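Protein chains: 2
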Amino acid sequence: MPEPESQAKLLSGELENALDFAKGKGLITAIAQDADSGEVLMVANMNQESLAKTLELGEAVYWSRSRQKLWHKGEESGHLQKVRGIYLDCDGDALLLKVEQIGGAACHTGKRSCFFRKIEQNRLIDLGEQVFDPKEVYPQ
Amino acid sequence: MPEPESQAKLLSGELENALDFAKGKGLITAIAQDADSGEVLMVANMNQESLAKTLELGEAVYWSRSRQKLWHKGEESGHLQKVRGIYLDCDGDALLLKVEQIGGAACHTGKRSCFFRKIEQNRLIDLGEQVFDPKEVYPQ
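Just so you know, the sequences run in chain order A and B. If you read the first sequence in my numbering, its first letter stands for residue 1024, the second for the next number, and so on. If you read the second sequence in my numbering, its first letter stands for residue 1024, the second for the next number, and so on.
With the rest of the complex left out, here is chain A (with noise of 0.2 Å):
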């Protein structure tokens, strides 16, 4: 019998060698930056095939640990990541997109940034920008 396709196939000899999935059991980190203001977006995962799929279509993919498969950034919002670089780091197990957020906000609570809660004194303040009204963008 043949052996199955390896999923080493989907990434060049040069990215499969650099990049550690094994570390995180198939993952690693990937990190949104918006390209022109520097703003960290959010953060999740991807596996092999979702970084080739976001080579292949110059738009972030991620893979979705809750839901367990690939996640086109934007698919069902519209707010797509154009991505304009990506870079890997030392170890090999964490990427950082620099990114074009379409829609202004990467958030699905209609915040630019994931990262809108600010940890002042042991307490969270809501510092984040409401770029959308989710419930008109995710209609229930």
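Hints may be right or wrong, so weigh each one.
You can't tell identical chains apart in this list, so a pair holds if it fits in one copy or across any two.
Claimed, not checked - Quick list of in silico lysine-lysine cross-link-like pairs, DSBU-like style, CA-CA up to 35 Å:
hint, residue 1, residue 2
1, LYS1032, LYS1105
2, LYS1141, LYS1158
3, LYS1158, LYS1046
4, LYS1105, LYS1158
5, LYS1105, LYS1141
6, LYS1141, LYS1032
7, LYS1105, LYS1076
8, LYS1105, LYS1092
9, LYS1092, LYS1048
10, LYS1092, LYS1158
11, LYS1032, LYS1076
12, LYS1076, LYS1158
Honestly, the hints are just simulated from the structure, not real lab data. Note that the structure is a prediction, hence the values are computed from the model and not measured.
Given the structure of chain A, go ahead and fit chain B onto it with the hints provided.
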């Protein structure tokens, strides 16, 4: 016998409720970003104890998965991260630390950021700024 002290006591009730350590088996993702330039410097993990220590000291203290112990960033190199602000993401499993990077470099390679390799046409290009010589900072 008395109950072992609960780790929950390390953090305020409001933080404890907002943070989701369970999803990552006790760990959450912590991104360090230069508070002035906006450059993303590194990503690591925190457990409750390391976050409590970070809040107490005002310096980044991570949890080292490889060494399975608290990792006070810069304890060996002197390249501490002074914390200017900590932000929590929408689902409570990631933090963004805005830091002042003492010594000018976050990466053990001596590069300013750990994300110094860019993916270009399925290859990796080293774009990192070399700030220090690791042989001088980490003597063998």
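Results for each hint:
no. : hint              : in the structure
1   : LYS1032 x LYS1105 : within (24 Å within a copy, 42 Å between copies)
2   : LYS1141 x LYS1158 : within (24 Å within a copy, 37 Å between copies)
3   : LYS1158 x LYS1046 : between (38 Å within a copy, 26 Å between copies)
4   : LYS1105 x LYS1158 : within (24 Å within a copy, 39 Å between copies)
5   : LYS1105 x LYS1141 : both (27 Å within a copy, 16 Å between copies)
6   : LYS1141 x LYS1032 : between (42 Å within a copy, 20 Å between copies)
7   : LYS1105 x LYS1076 : within (13 Å within a copy, 37 Å between copies)
8   : LYS1105 x LYS1092 : within (20 Å within a copy, 38 Å between copies)
9   : LYS1092 x LYS1048 : both (15 Å within a copy, 21 Å between copies)
10  : LYS1092 x LYS1158 : within (24 Å within a copy, 43 Å between copies)
11  : LYS1032 x LYS1076 : within (13 Å within a copy, 43 Å between copies)
12  : LYS1076 x LYS1158 : within (29 Å within a copy, 39 Å between copies)
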